[in-house]
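Peer 1: In terms of my numbering, the sequence shown is residues 218 to 584.
There's no promise every hint is true.
Unchecked claim - 30 Å max Cα-Cα, derived BS3-like pairs, lysine-lysine:
(1) 390 with 511
(2) 557 with 313
(3) 390 with 549
(4) 302 with 365
(5) 390 with 557
(6) 511 with 548
(7) 302 with 557
(8) 511 with 557
Unchecked claim - With beta-carbon atoms standing in for the labels, derived distance ranges:
(9) 506 with 350: 33 to 41 Å
(10) 311 with 506: 16 to 24 Å
(11) 397 with 376: 38 to 46 Å
(12) 552 with 382: 48 to 56 Å
Simulated from the structure, these hints should not be mistaken for lab results. Quick reminder that beta carbons are idealized off the backbone N, C-alpha and C, glycines included.
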Amino acid sequence: MPLQLCVAPLRTTFARSLSPCTRLSLFKRNRIPSTSAFAATFHVSIRKMATHNTNTSLYKLNHTMLRVKDPRASVQYYGDHFGMKLIRQMDFPEAKFSLYFLALDSPNADGHGKTWTDREGILELTHNHGTESDPNYQINNGNGEQFKDIAFTVDNLHQTCANLEASGVRFQKRLNEGRSNAIAFALDPDGYWVELLSLPAAATTNAQPNKESFRFNHTMLRVRNPEHSLQFYRSVLGMSLLRVHEVPEANFNLYYLAYRRAAKEHEDHEALSQREGILQLTWNYGTEIDGDFKGYHNGNDQPQGFGHICISVDDLDEACSRFEDLQVNWKKRLTDGRMKNVAFILDPDGYWVEYASPKSTKVPHSS
Numbered sequence: 218m219p220l221q222l223c224v225a226p227l228r229t230t231f232a233r234s235l236s237p238c239t240r241l242s243l244f245k246r247n248r249i250p251s252t253s254a255f256a257a258t259f260h261v262s263i264r265k266m267a268t269h270n271t272n273t274s275l276y277k278l279n280h281t282m283l284r285v286k287d288p289r290a291s292v293q294y295y296g297d298h299f300g301m302k303l304i305r306q307m308d309f310p311e312a313k314f315s316l317y318f319l320a321l322d323s324p325n326a327d328g329h330g331k332t333w334t335d336r337e338g339i340l341e342l343t344h345n346h347g348t349e350s351d352p353n354y355q356i357n358n359g360n361g362e363q364f365k366d367i368a369f370t371v372d373n374l375h376q377t378c379a380n381l382e383a384s385g386v387r388f389q390k391r392l393n394e395g396r397s398n399a400i401a402f403a404l405d406p407d408g409y410w411v412e413l414l415s416l417p418a419a420a421t422t423n424a425q426p427n428k429e430s431f432r433f434n435h436t437m438l439r440v441r442n443p444e445h446s447l448q449f450y451r452s453v454l455g456m457s458l459l460r461v462h463e464v465p466e467a468n469f470n471l472y473y474l475a476y477r478r479a480a481k482e483h484e485d486h487e488a489l490s491q492r493e494g495i496l497q498l499t500w501n502y503g504t505e506i507d508g509d510f511k512g513y514h515n516g517n518d519q520p521q522g523f524g525h526i527c528i529s530v531d532d533l534d535e536a537c538s539r540f541e542d543l544q545v546n547w548k549k550r551l552t553d554g555r556m557k558n559v560a561f562i563l564d565p566d567g568y569w570v571e572y573a574s575p576k577s578t579k580v581p582h583s584s
């Protein structure tokens with residue numbers, strides 16, 4: 218059978234995974250890849266990926282890294298207000314930085330009892346020594362240009378917000394402000410936006426919020442071109458597109474991706490709210506065709522803030538070999554630099570994606 222006929226259903230599946238509004242918009246601009254283009258892509262992928270002993274269905278969105286000014290303030294903030302625990306700390310005095318790994322770790326947590334590299338929903342805080350006493354040091358919280366927020370789903374959203382405000386937490390948006398009364402944005406000590414969403418009604422019966430039921434639900438990144446980003450995160454990273462939420466009145470769409478847990482590819486809103494390890498991509502209409510748009514700040518150029526997301530894989534060497542065959546853009550190969558057990562690739566917008574193995578331990582890297 219001709220290869221074009223073999224991959225035609227794959228092209229159709231890609232198109233159908235998009236909502237009608239998005240699909241129509243992309244078709245009008247001839248942005249849905251042709252069958253021949255899919256054929257060329259999948260011919261290379263099928264021929265080469267079959268030789269690699271790595272299974273993307275075992276991958277996990279392990280952590281999101283944020284730089285912080287004062288780790289004591291940040292660790293206390295996420296612990297006191299969201300129930301996160303410091304599950305690992307790594308200090309590198311010779312390189313003058315420390316890493317703090319926070320996670321929800323109650324007996325009810327998805328990752329409880331697992332090694333820190335074999336779970337989802339971790340927040341990695343990077344502290345460059347001395348910033349806490351430097352009056353001129355400022356964090357780029359990302360809401361001018363790129364990264365927008367991290368999000369927690371909580372039980373009793375209204376009481377959670379009331380407790381935060383009573384504790385002196387600042388808000389970017391309260392529940393009664395703006396167009397939506399179902400979303401709030403708190404501010405952490407560095408000004409990062411912390412989105413607050415409600416767990417399903419069945420999980421919100423407590424008079425006082427139960428932090429053991431909280432979930433570090435997702436990390437949001439802005440993207441310029443949804444076609445390019447969806448193809449990268451699905452075909453290269455192996456994620457599934459679980460939900461698309463269109464907001465045409467505000468000229469943006471949201472795409473929710475994660476490593477699929479259930480047999481079905483799409484999960485309903487309630488199921489998504491109760492899990493961790495989700496990546497939310499936000500597309501503002503028109504950026505993909507705006508010749509004057511310079512792209513989003515990746516968080517690692519100055520001024521710095523957001524650093525990267527990290528994927529935990531089953532076999533790091535095999536995963537990197539697969540990436541070589543897929544001709545990804547590398548920030549750091551395994552053989553580069555001092556650290557030989559992590560790699561970084563770049564997504565279409567230049568965001569860093571770290572790859573690590575559950576068997577590996579981090580060593581110093583550029584902060």
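Peer 1: If a hint holds in the structure, say so; if it does not, say that too.
Peer 2: Hint check:
1. 390 with 511: 28 Å, holds
2. 557 with 313: Within the cut-off at roughly 20 Å; holds.
3. 390 with 549: 38 Å, violated
4. 302 with 365: Given that 30 Å is the threshold and the Cα spacing comes to 23 Å, the pair holds.
5. 390 with 557: 43 Å, violated
6. 511 with 548: Satisfied, since the Cα-Cα distance of roughly 20 Å is no more than 30 Å.
7. 302 with 557: 28 Å, holds
8. 511 with 557: The hint is violated at about 33 Å.
9. 506 with 350: 33 to 41 Å: Given about 46 Å between the Cβ atoms, the range is violated.
10. 311 with 506: 16 to 24 Å: Given about 47 Å between the Cβ atoms, the range is violated.
11. 397 with 376: 38 to 46 Å: 18 Å, violated
12. 552 with 382: 48 to 56 Å: Distance hint for residue 552, residue 382 holds at roughly 50 Å.
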